[in-house]
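Asker: Now for the letters of each chain:
2 protein chains.
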Amino acid sequence: MTSNKWAYSFEDADGSNKDLFGGKGANLATMTALGLPIPPGFTVTTEACLRYFEDGGNLHNDAKGELQEQIAMLENRLDKKFGDAANPLLVSVRSGAKASMPGMMDTILNLGLNDDTAERIAKLTGNRRFALDSYRRFIQTFGDVVLGIDLAEFEGILSKTREAAGARYDHEIPPKALEELIAGYKEVVGRHCEKGLPHDPMEQLYMAVSAVFASWNTPRAQTYRKLNGIPDDLGTAANVQAMVFGNMGDRSGTGVAFSRNPSTGEHKIYGEFLINAQGEDVVAGIRTPQSIDALLELMPEQAKELFNTIERLDEHFKDMQDIEFTVEEGKLYILQTRDGKRTGAAALRIAVESHEQGYFDKEEALMRVDPSSLDQLLHKQVDPTTTAKPVAEGLNASPGAAVGRVVLDPERAIQLAAEGNKLILVRNETTPDDIHGLDASDGVLTAHGGMTSHAAVVARGMGKPCVSGCSELTVDEETGTVTFKGYEGVLKEGDYLTIDGTTGKVYIGELALVDPQIGDYFAKFLGWADEVKRLGVRTNADNPVDTRRAYEFGAEGIGLCRTEHMFMEQERLPHVRAMILAETEEERREHLAKIKEFQRADFEGIYREMHGYPVTIRLLDPPLHEFLPHDEEEIEEVIRSVKSDVTEDEVGRLKARVLSLHESNPMLGFRGCRLGLIYPEINEMQVEAILEAAITVRREGEKVDPEIMIPLSGAKAELAIIEEKLRPVAEAVFKRMGERIEYKFGTMIEVPRAALTADEIAEVAEFFSFGTNDLTQMTLGISRDDAEEKFLRQYVDMGIYAANPFAQLDQVGVGRLVAMAVELGRKTRPDLKIGICGEHGGDPPSIDFCHRHAFDYVSCSPFRVPIARLAAAHSAIREKRGE
Amino acid sequence: MTSNKWAYSFEDADGSNKDLFGGKGANLATMTALGLPIPPGFTVTTEACLRYFEDGGNLHNDAKGELQEQIAMLENRLDKKFGDAANPLLVSVRSGAKASMPGMMDTILNLGLNDDTAERIAKLTGNRRFALDSYRRFIQTFGDVVLGIDLAEFEGILSKTREAAGARYDHEIPPKALEELIAGYKEVVGRHCEKGLPHDPMEQLYMAVSAVFASWNTPRAQTYRKLNGIPDDLGTAANVQAMVFGNMGDRSGTGVAFSRNPSTGEHKIYGEFLINAQGEDVVAGIRTPQSIDALLELMPEQAKELFNTIERLDEHFKDMQDIEFTVEEGKLYILQTRDGKRTGAAALRIAVESHEQGYFDKEEALMRVDPSSLDQLLHKQVDPTTTAKPVAEGLNASPGAAVGRVVLDPERAIQLAAEGNKLILVRNETTPDDIHGLDASDGVLTAHGGMTSHAAVVARGMGKPCVSGCSELTVDEETGTVTFKGYEGVLKEGDYLTIDGTTGKVYIGELALVDPQIGDYFAKFLGWADEVKRLGVRTNADNPVDTRRAYEFGAEGIGLCRTEHMFMEQERLPHVRAMILAETEEERREHLAKIKEFQRADFEGIYREMHGYPVTIRLLDPPLHEFLPHDEEEIEEVIRSVKSDVTEDEVGRLKARVLSLHESNPMLGFRGCRLGLIYPEINEMQVEAILEAAITVRREGEKVDPEIMIPLSGAKAELAIIEEKLRPVAEAVFKRMGERIEYKFGTMIEVPRAALTADEIAEVAEFFSFGTNDLTQMTLGISRDDAEEKFLRQYVDMGIYAANPFAQLDQVGVGRLVAMAVELGRKTRPDLKIGICGEHGGDPPSIDFCHRHAFDYVSCSPFRVPIARLAAAHSAIREKRGE
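From first to last, the protein sequence lines stand for chains A and B. Following my numbering, the numbering of the first sequence begins with 1 at its first residue and continues without gaps. Following my numbering, the numbering of the second sequence begins with 1 at its first residue and continues without gaps.
Simulated from the structure, these hints should not be mistaken for lab results. Check the hints yourself; a few may be wrong.
Identical copies look the same in the list; a pair holds intra-copy or inter-copy alike.
[Said to hold, decoys possible] Capping the alpha-carbon separation at 27 Å, the derived lysine-lysine pairs in DSSO-like fashion look like this: (1) Lys790 - Lys655; (2) Lys81 - Lys186; (3) Lys833 - Lys485; (4) Lys160 - Lys380.
Using the sequences and the hints, build the whole thing.
Answerer: Listed below in structure tokens is the structure:
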């Protein structure tokens with residue numbers, strides 16, 4: 001579509017054509033069409049922008065002509081004139097692309113000011129300081145964005161002026177000094193630009209519109225488009241709008257209002273305003289604005305019109321609106337409306353109530369809430385009214401806030417927690433050995449490690465707040481001290497800290513927290529999500545407590561029950577270690593029998609809390625050395641503690657064996673099903689525990705649906721050999737207990753080869769669960785633990801990966817492999833059950849991928865279950881809508 | 001095809017129908033048809049075998065009838081009778097499937113013996129001991145393979161008999177004792193089998209043929225078929241043949257002959273025989289056989305017939321034959337002929353001469369030599385006539401033999417080698433730090449590590465013998481001693497050892513070695529290979545010496561020139577370390593400039609030796625910590641040595657930096673192109689060195705064809721960013737030197753994601769080189785260094801992988817990924833050059849895979865170049881033949 005018309009008044013523009021008028025222009029047209037009191041103006045189209053580039057960066061003469069016409073229309077209508085000393089017309093110029101984009105020119109206010117008009121405005125407003133300040137701001141902005149002059153040059157003069165005037169803030173500079181400042185500014189402009197600041201407002205306008213167009217192609221905007229797949233040939237529009245003034249006296253004012261409360265979502269107009277003021281005054285914070293309700297008394301007529309307008313906008317856009325308004329000598333103007341930012345709680349309530357109001361159907365209500373924003377509802381938050389300043393900031397690795405005493409040592413944490421202390425575990429980094437310390441603490445703070453570091457992953461799994469990669473933090477374990485860069489104090493064990501894992505902020509002392517806000521809206525809303533979603537949502541849980549929580553959050557089963565955390569618990573670890581150190585199968589079986597008692601009890605608890613939903617239990621996965629210390633002395637100690645009457649020779653031999661368990665790349669090492677193939681008795685024990693527990697719980701009257709999952713398979717033969725060994729073990733359990741129970745036998749797909757040979761794997765496996773953490777590591781050849789700080793963040797910055805591939809599934813690479821595996825697997829076994837149990841299972845874009853590839857379910861940590869339910873609903877709705 | 005006939009005499013059978021008669025039966029039919037003196041007999045068909053299974057393991061009555069008929073015909077023809085006390089007919093029964101297969105019943109000799117006929121044979125041969133011994137052997141074999149009696153039961157009695165007779169060997173047991181032994185054997189049989197040993201030879205025959213059939217379905221045979229893709233419904237045939245006796249007096253004898261010399265390939269009959277003897281006598285080693293030439297004097301007529309027959313067989317089968325013959329009372333019988341086993345040198349000469357004799361065309365000649373057998377020709381061997389006994393045996397990790405003095409420490413090795421010593425580096429295992437020690441030694445022996453351990457891989461690359469995983473070996477570095485289990489002596493530095501990497505044997509002292517046998521046949525033969533092969537064969541070489549060797553072996557370029565070994569050399573390492581420890585880009589560039597001088601000289605040498613063939617140079621790949629020590633003290637030492645005037649604080653900070661380079665999974669860590677993306681100046685230096693050297697050598701009049709290869713890429717963006725940085729560097733070199741040179745820019749495909757997104761990668765890369773070592777590690781999720789001893793060998797034993805996937809490309813899994821990448825890459829860039837540079841590039845089945853997937857070349861270590869040339873020719877010929 002091309003047109004011969006380059007500029008449209010808001011009346012003539014089409015609010016539905018964002019391609020031509022950009023987002024901002026289209027909205028202005030819409031509001032104008034609604035008959036709302038919008039300061040008049042016009043939009044220069046995106047086509048004019050494209051033409052501008054075609055013409056080598058020159059504004060077309062026709063376009064200039066149209067600008068003149070539009071300005072003339074404005075002049076007539078407002079009875080003001082561009083450059084007129086009696087009643088000067090001033091306008092704002094704003095860029096407005098189809099989608100908003102960083103790096104583009106934003107706004108020039110008060111275009112039309114020159115020495116003459118500035119004087120006139122001073123008189124009209126009775127506020128000379130204001131007029132001069134507006135003028136100097138205009139010169140500064142124009143110089144910067146239109147003429148490309150370094151802002152520092154202006155700021156240098158500004159700070160000198162401030163100094164000379166003895167002013168701390170800009171608004172304290174007296175009019176006289178402002179005059180000198182303006183003279184100085186003009187000198188700067190003259191130095192860069194022969195012609196100096198254009199006196200003619202029309203010339204100013206041509207240049208400003210050209211600058212808006214040119215800003216479409218700043219490097220930052222280009223990079224942003226490249227990374228976000230926005231075509232280069234869209235172009236931007238430019239909006240020119242008459243300025244109005246809220247500082248023309250007591251019958252003028254300016255303010256901001258929301259159609260609903262942005263914190264709670266309550267349907268009640270919310271906002272604030274200042275009488276006889278411009279927008280800048282609110283920002284400067286010199287005067288305290290009044291609540292919007294006060295406007296009803298001060299300007300009852302305008303307030304009524306405003307409130308009505310706000311309601312109309314809410315109704316029209318069917319969303320909570322964030323509105324800027326100005327009253328100029330008793331006349332109300334709406335300067336801008338946009339969908340308002342809101343908290344997760346507000347988003348949810350607004351969506352529910354808007355639906356109930358008849359704005360839209362349930363599906364649209366669901367689409368109106370960003371799944372990730374639900375996170376806020378599920379965790380404690382630092383009281384938003386706090387005035388405390390954070391001492392440091394790290395990565396917001398696991399949401400929620402926690403207050404507690406500093407503890408550095410995981411063992412101490414267990415002890416202190418037992419004494420009833422709330423704790424924040426503060427470490428340089430955490431390792432799997434620290435799990436119990438983490439479990440005993442209310443939150444964790446680390447100096448190193450990224451969003452997917454050990455501490456972050458485990459904390460998210462446990463639903464505990466975590467701030468990781470806090471580079472200002474130094475933990476000196478030797479002296480037991482904690483310091484922060486730029487903070488003079490030194491913290492020790494027992495001192496209080498507050499961390500906010502939602503924002504990454506760290507505070508000294510005990511801050512007030514506010515509780516999670518799960519209420520009726522939450523349950524109702526997620527109920528709607530369940531009605532439309534196709535994907536099942538399960539949880540990753542290893543114990544009855546997490547299982548219950550996930551069930552309450554709506555989990556429809558367990559997608560991943562790891563058994564190794566059970567092995568790590570204090571009372572069991574000695575048996576596990578003794579099992580590993582066993583020198584005969586018989587000895588190994590003896591210790592396994594003890595571990596089995598614990599495992600069976602664990603499984604019983606988990607089945608009970610899952611009330612008949614499927615429970616997928618993964619057999620032992622980590623390399624055995626993870627259960628043993630790495631230090632030679634500690635190894636000896638362990639050997640002596642688990643083996644009685646051990647000779648020196650035996651200690652030496654066993655120590656050598658433990659050391660030989662060490663691997664140069666444990667990620668690719670002797671773990672997963674490889675363990676079970678070399679030591680089948682471990683698998684056997686686990687299968688017995690799984691099935692015995694299942695029958696036991698069923699006898700209590702509960703339904704039970706166990707699924708046995710083999711980790712790290714890479715070849716069909718592995719599964720075939722394991723299955724061949726395990727089926728008879730199951731039969732023996734059934735015989736012993738006098739009853740059978742159904743169970744499924746399946747595998748994780750986490751080794752690329754398993755995905756590549758999924759057709760063969762599916763001959764044995766009854767279900768696949770994509771372990772996308774390891775699958776991503778192996779497919780990308782990137783060790784998650786090592787990479788984040790060494791190169792992965794820079795990779796994301798360079799745009800090599802669009803997002804951290806351990807947080808968001810790499811759909812281009814890993815996704816291709818997953819899609820292939822799904823296709824191959826279902827070719828062999830059409831009813832193959834397919835799920836995902838990596839971290840990605842709780843990430844909305846990754847969940848969408850799973851939906852599109854016909855997964856049966858996603859599985860995520862308990863606290864992400866609601867997010868996954870909503871994300872799954874979004875996917876189903878998008879599919880329905882053909883998006 | 002079904003037939004109503006179950007048994008065919010050798011005259012009636014069809015030598016071309018191996019489906020029906022099995023391999024052995026068909027060959028017997030062929031020889032009979034040729035009119036050769038074959039002891040008469042018949043074959044029971046594979047269909048009879050299948051019918052046997054259909055009938056639930058029972059020999060069909062019709063088949064029994066046919067056996068009777070065939071026996072009757074034999075009796076008539078030989079004037080002997082089954083069970084006849086005057087002139088008893090004895091037969092052998094052998095299984096004979098289409099392809100030979102382990103786990104199946106092999107042979108029963110002398111069937112027809114019973115108390116009566118044994119006595120008669122004793123008289124006829126005049127050798128009572130022989131007759132009785134044959135009888136007891138018959139009972140033992142029949143008891144074992146037909147009746148399923150545990151051999152141990154027989155052997156218990158045998159050893160008691162030996163003891164009682166004061167005999168060390170079986171052949172020293174006197175006839176009297178043998179009689180008692182036979183009685184004992186019969187008692188054993190009677191205990192297991194009500195009827196006892198069947199007296200009736202016909203009954204014996206039914207049972208033996210049934211046992212042959214049943215052995216088709218032993219578990220071992222079934223597993224073998226499953227693993228080798230042999231259908232279960234082929235069945236086996238059974239061959240029944242009249243026994244002849246070489247021990248009937250001086251006009252009798254037995255021997256073995258080859259139609260050509262199996263060691264050298266010379267076309268001259270070679271063999272040995274014994275007068276008045278049976279085959280067992282040769283095996284027992286009591287009498288020393290005579291050379292076959294002596295037969296011409298002792299039995300001129302029979303010798304002439306034998307020699308003529310041998311020549312006819314050589315001509316008929318068009319291959320060197322290994323023949324067993326017996327002369328029974330002046331009558332020559334050929335018992336068996338088969339293609340003879342031969343050395344690599346013999347295979348090659350036989351193939352060449354057979355072609356020149358007109359047996360077959362060049363292509364068939366090429367197909368007659370197993371590519372892997374060429375290995376023997378290229379390396380020194382232990383003199384095959386040695387009587388020395390090995391002290392230990394390990395894995396034959398890198399072929400060839402070496403004699404040298406024991407050295408334990410790599411640094412000492414450099415020193416001792418400089419003094420002119422031949423050395424064997426003896427280590428528990430080797431690491432990349434040991435490369436120079438390895439380079440200074442003539443061979444390497446390790447206690448740990450498999451076929452793909454570091455020592456093995458490096459030694460193969462250098463063409464040095466290596467015996468790895470020698471579990472009898474203990475190296476005590478503290479005391480500087482080397483011991484072998486079962487050997488009382490203790491070796492120290494300077495003591496002599498001989499290792500044979502072709503066999504894995506280790507000898508104390510200096511053994512005589514024989515030189516490699518590359519001669520005219522070799523060059524001529526491989527010239528033929530080059531005529532037919534389609535794949536190019538390149539080499540992996542990092543220095544001029546290896547490059548020259550590979551060029552002499554026929555390499556057509558370098559497929560992988562690693563640059564890190566150059567970084568490791570003693571004079572450079574300090575600069576490399578200083579570069580890594582540099583704290584600013586400037587400082588880093590300073591040290592890089594020094595390294596560049598070395599690199600340029602290396603590249604010049606390599607280009608000169610490659611004479612215009614393409615040279616693919618891989619930019620720096622290993623993680624930086626590989627260039628630094630891991631021990632804290634050593635790190636400090638290095639820091640002080642490369643940084644002058646360093647403060648304690650700086651040392652501390654640098655040490656922390658070095659330690660922070662440590663990674664939990666270095667394989668998946670900060671290496672490959674990731675280094676070049678974070679420190680682009682390393683790449684820049686290397687590209688300058690590559691191109692400057694190329695232009696320098698071209699100025700000497702040599703052609704040069706450099707290819708720049710980026711390691712470990714996983715995303716198109718990585719390559720795009722690197723290319724964007726490197727192209728200007730190349731232009732700057734051209735400008736500086738005043739001339740341009742063509743070069744290619746490509747990448748290794750070793751990260752699964754690179755293969756999955758090969759269509760995108762090929763937008764930037766002009767060539768792919770599959771780094772199948774790392775690709776296999778990541779695709780299988782198996783760390784080569786860790787896995788072999790922990791589980792991979794057991795995996796191969798269990799049949800999970802058909803072969804070690806690091807030695808032979810896993811075509812099912814990794815191969816699928818490679819095939820996909822080739823297809824995707826060529827879709828984007830049809831002229832994409834594709835090669836392989838992993839260890840698999842020298843493995844014939846993997847080479848065949850590359851041929852079938854239209855690779856342009858394979859690249860392997862210099863010593864495997866001839867193997868690869870022949871393997872590539874095989875692939876081309878197989879393709880032509882539609883195989």
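Asker: Determine for every hint whether it applies to the structure shown.
Answerer: For each hint, the structure was consulted:
{"no.": "1", "hint": "Lys790 - Lys655", "in the structure": "between (33 Å within a copy, 17 Å between copies)"}
{"no.": "2", "hint": "Lys81 - Lys186", "in the structure": "within (24 Å within a copy, 131 Å between copies)"}
{"no.": "3", "hint": "Lys833 - Lys485", "in the structure": "neither (51 Å within a copy, 54 Å between copies)"}
{"no.": "4", "hint": "Lys160 - Lys380", "in the structure": "neither (47 Å within a copy, 86 Å between copies)"}
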